[in-house]
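**Q** These protein sequence lines are chains B and S, in that order.
Residue numbers for the first sequence, in the working numbering: -8 to 359.
Residue numbers for the second sequence, in the working numbering: 142 to 620.
Be a bit skeptical, because a hint or two may be false.
[As the list claims (entries may be wrong)] Within a straight-line C-alpha distance of at most 16 Å, the following computed EDC-like cross-link-like pairs (lysine to aspartate or glutamate) qualify:
| no. | chain 1 | residue 1 | chain 2 | residue 2 |
| --- | --- | --- | --- | --- |
| 1 | B | Lys234 | B | Asp221 |
| 2 | S | Lys155 | S | Asp203 |
| 3 | S | Lys153 | S | Glu215 |
| 4 | S | Lys308 | B | Glu164 |
| 5 | S | Lys446 | S | Glu456 |
| 6 | S | Lys367 | S | Asp277 |
| 7 | B | Lys126 | B | Glu(-3) |
| 8 | S | Lys537 | S | Asp485 |
| 9 | S | Lys155 | S | Glu215 |
| 10 | S | Lys461 | S | Asp485 |
| 11 | B | Lys346 | S | Asp593 |
| 12 | B | Lys126 | S | Glu586 |
| 13 | S | Lys446 | S | Glu459 |
| 14 | S | Lys393 | B | Glu66 |
| 15 | S | Lys543 | S | Glu557 |
| 16 | S | Lys393 | B | Glu42 |
| 17 | S | Lys474 | S | Glu413 |
| 18 | S | Lys461 | S | Asp439 |
| 19 | B | Lys258 | B | Glu298 |
| 20 | S | Lys543 | S | Glu507 |
| 21 | B | Lys346 | S | Asp439 |
| 22 | S | Lys367 | S | Glu275 |
| 23 | S | Lys474 | S | Asp284 |
| 24 | S | Lys474 | S | Glu410 |
| 25 | S | Lys543 | S | Asp485 |
| 26 | B | Lys126 | S | Glu464 |
| 27 | B | Lys346 | S | Asp485 |
| 28 | S | Lys393 | B | Glu28 |
| 29 | S | Lys308 | S | Asp284 |
| 30 | S | Lys393 | B | Glu164 |
| 31 | B | Lys346 | S | Glu583 |
| 32 | S | Lys446 | S | Asp390 |
| 33 | B | Lys126 | S | Asp584 |
| 34 | B | Lys8 | B | Glu28 |
| 35 | B | Lys258 | B | Glu282 |
| 36 | S | Lys367 | S | Asp284 |
No lab work stands behind these hints, which were simulated from the structure alone.
Because the structure is a prediction, the values reported are computed rather than measured.
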Amino acid sequence: MQPETEIELAEAVRAAKGPLRIVGGGTRPVGRPIVGEVLSTAGLTGISLYEPGALTMVVQAGTPLAEVETALAAEHQRLPFEPMDHRPLLGTTGTPTIGAVAACNISGPRRIQAGAARDYMLGVRFVDGAGTVVKNGGRVMKNVTGYDLVKLMAGACGTLGVLTEVAFKVLPEVEAMATLTLSGLDEERAVAAMSAALGSPFEVSGVAHGAGMTRFRLEGFTASVTYRADRLSDMLRPFGAAKVESEPATVRAIWSGIRDVTDFAGKPGDVWRMSVKPSDAPGLIARMGAEVRLDWGGGLIWALVPEGTDLRGRIGPFAGHATLVRAAPETRAAIAPFQPEPAQLAALTAGLRAKFDPRGILNPGLMT
Amino acid sequence: MEMPVPDAGVIKRKARIVQRLQEVLPLSAVIHDPAETRAYECDGLSAYRCAPLCAILPSSTDEVSAALRVCFEEGVPVVPRGSGTSLAGGALPTADSVILGVARLNAVIETNYPDRYIRVQTGRTNLSVTGAVEQDGFFYAPDPSSQLACAIAGNIAMNSGGAHCLKYGVTTNNLMGVTMVQMDGTVVEIGGAHLDAPGLDLLGVICGSEGQLGVVTEATLRILHKPEGARPVLMGFDSNEVAGACVSDIIKAGVLPVAIEFMDRPCIEACEAFAHAGYPMCEALLIVEVEGSPAEIDEQLGLIKQIAHRHNPVELREAKDAEEAGRIWLGRKSAFGAMGQINDYICLDGTIPVSELPYVLRRIGELTASYGLGVANVFHAGDGNMHPLLLYNANKPGDLEKAEALGSDILTLCVEVGGCLTGEHGVGIEKRDLMTVQFTTEDLEAQMAVKDVFDPRWLLNPAKVFPLASSDARRHQAA
Ligand SMILES: Cc1cc2nc3c(=O)[nH]c(=O)nc-3n(C[C@H](O)[C@H](O)[C@H](O)COP(=O)(O)OP(=O)(O)OC[C@H]3O[C@@H](n4cnc5c(N)ncnc54)[C@H](O)[C@@H]3O)c2cc1C
Chain B
-8 MQPETEIELA EAVRAAKGPL RIVGGGTRPV GRPIVGEVLS TAGLTGISLY EPGALTMVVQ
52 AGTPLAEVET ALAAEHQRLP FEPMDHRPLL GTTGTPTIGA VAACNISGPR RIQAGAARDY
112 MLGVRFVDGA GTVVKNGGRV MKNVTGYDLV KLMAGACGTL GVLTEVAFKV LPEVEAMATL
172 TLSGLDEERA VAAMSAALGS PFEVSGVAHG AGMTRFRLEG FTASVTYRAD RLSDMLRPFG
232 AAKVESEPAT VRAIWSGIRD VTDFAGKPGD VWRMSVKPSD APGLIARMGA EVRLDWGGGL
292 IWALVPEGTD LRGRIGPFAG HATLVRAAPE TRAAIAPFQP EPAQLAALTA GLRAKFDPRG
352 ILNPGLMT
Chain S
142 MEMPVPDAGV IKRKARIVQR LQEVLPLSAV IHDPAETRAY ECDGLSAYRC APLCAILPSS
202 TDEVSAALRV CFEEGVPVVP RGSGTSLAGG ALPTADSVIL GVARLNAVIE TNYPDRYIRV
262 QTGRTNLSVT GAVEQDGFFY APDPSSQLAC AIAGNIAMNS GGAHCLKYGV TTNNLMGVTM
322 VQMDGTVVEI GGAHLDAPGL DLLGVICGSE GQLGVVTEAT LRILHKPEGA RPVLMGFDSN
382 EVAGACVSDI IKAGVLPVAI EFMDRPCIEA CEAFAHAGYP MCEALLIVEV EGSPAEIDEQ
442 LGLIKQIAHR HNPVELREAK DAEEAGRIWL GRKSAFGAMG QINDYICLDG TIPVSELPYV
502 LRRIGELTAS YGLGVANVFH AGDGNMHPLL LYNANKPGDL EKAEALGSDI LTLCVEVGGC
562 LTGEHGVGIE KRDLMTVQFT TEDLEAQMAV KDVFDPRWLL NPAKVFPLAS SDARRHQAA
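So that you can see chain B by itself, here it is in the shape it has in the complex (with noise of 0.2 Å):
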């Protein structure tokens, strides 16, 4: 199914008959491989509002991210959050739209320092698994009218409601940035040195670590961007010397890298993500004896490991949370692939749930 407007896509949930797969672009295949009926939102498409001089932006859920992005582009823009493209990594081809970036929280690199997708998210419409449509939020900065439900439905993946239009806060694009690299740490000084750039006033927008390198992004105007690289060279010092890198286009070359995960895209073995305490981090990598890459300041864990492993078993009990990117569908259905929660928790999702979508229709099992 690939209703046109949001009338249909209501009437569609109301008339469904067993469980539906709620897919956008189809580029990610996370969570426990569901059966159902495919809803498309594909035939959503198209940007509602763009007022440049307010900073907003209001888009029909399957509109192509791509859209999005050239548009803002134009006004000179950007989305703060820096949604991961999870195609290189997944092997999966389509087009990402930003629905499905919205229903699933996508955040990239910058997401330490600008906040993530559900951060940028001002107001949703969606429809409920009875088939109603409900608003929330607005179109504008700042708003504490009622609940929150914009943060509900953002991580939800769809099986709270499906998203039929999202009003994001964006950003001015940035005149320049530049990376600083350090090489040689291990993991443990390499924690130390992002935990050093992080606390510093010197605003990094993303601090990432793997194969050896260790990276600093800064981004703003050209003078700033020049002295607080020479600031952060000074104070990173005792870690070793920063090569400097301020051409644009490398720039964003190293950091859409990072976002995706490219480093991973085409090898064997499966994929892991864990949100954790950056200071966690080293200990945690200890126990899991896998190839990693850091991101966020080593608050985001980035494991390859062999095929059907269960890295939550391996490493024991842990602050935070592990997520099974990517695995064939026989081990996403063994393996929980969102980290399970503790009961109180549990009960108050299943309580959620059983509110916004009674006959458990949406994605069923998906998230668990």
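Based on these hints, arrange chain S with the ligand on the given structure of chain B.
**A** Just chain S with the ligand now, with coordinates in the frame of chain B:
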């Protein structure tokens, strides 16, 4: 403002309820003498008052849990309270309710600089969170004007903002985790020192839920290193429209100031008389602040001044030193106090798309005149969060009602131009009955469904946020 009829049965059982609470709390933590419960009869929306059945001041999450368990078993409504500075009546009691104040929960539990967070008990005031880390160069970014008094508990419940949230975001963007006690005493841990939720973003919906989903006792907050420096510039304009256009141009130019604050003539005059900040007498003032090293500040302010010049400012004053910066902010920071000196006022909080500023300011002026009242505007212009102060005389019969009607008209206008009823103060009782202007029945049902899950008997702060008629059935099945 209509409030539900208090449950006579609960009021009759007061002695027993107090006794049961005394069994689980220290004696000094249960306040039940009517002379003392009066202290909790209102919050910052002081036009409405009602003493609670009793007030309790627990000192730990365990005590909160034990006390809530008692209230749950007794079927007593509970109104959580931080410092009582809510401007929306969020902490207003009913005669059959227990006020649960978190004032004694004020410890710092952990500070962690490498991982950039602080964990505190939520009765701690906003400013003292920064106070706990500033000697090491760090700060907690959300800065409501009430930050000296308001508690993190209230900030989380209202998802409070502040002058600097244009750059740093509001509470929800800086909150990493909470310990929360549900109405039946269940303690839940949500989030922590890591980012994002493993499953549904429960933290995101708890923040801003106005004390209706649980009592938040501890919080993990993101802290940041202070910028190298900050400097404000003051700009005066001939009209509100021109100042509004200047705001829009600054935002579009790609400079991201930390704050853009707006004041109109009535507000400038009052602040000047009150604080002697040396403001120019003009129709509209903007205070724009940028951050960074001295050279970075020069660069950004250079751009901003260029933009301002295109709008023929009547005054353009850049702070040369800390003292002058302090004076520029002085007037703005004392605005509410200054207006309070000369008038009773209602402070509205609607947000509008920045592009609608000139139109909405003009309409506010017209509407106010049609009611024969006065208005002063002071607000966070960068994000369109308006604070019209509607001036009235509390001693003049009917004046408050008139101001409230004007307030409804203005908030309806905010919604009509694509905005919302409240940008940072919350709905409370104040905007409860206007919710239907912004939301459909279905929209409100979806929100109330969340409360059904967290607090199935609707005992936590039940008469707030939702129009009484909408929540009626739920509140009654609870009783
Ligand atoms: C002069 C003045 C200036 C202000 N400036 C700003 C501003 O710039 N920005 C802004 O956003 N607000 C501002 N406010 C409004 C107010 O200060 C904020 O809403 C603040 O966050 C309230 O905090 P509090 O601790 O006083 O909460 P209270 O008033 O005690 O309670 C507010 C709400 O929080 C709930 N609550 C309290 N404690 C808990 C808990 N432990 N668990 C769950 N729920 C709880 C209450 O039930 C109530 O609904 C201002 C108020 C005043 C008087």
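**Q** Which numbered hints are broken by the structure, listed smallest first?
**A** 2, 10, 15, 21, 26, 27, 28
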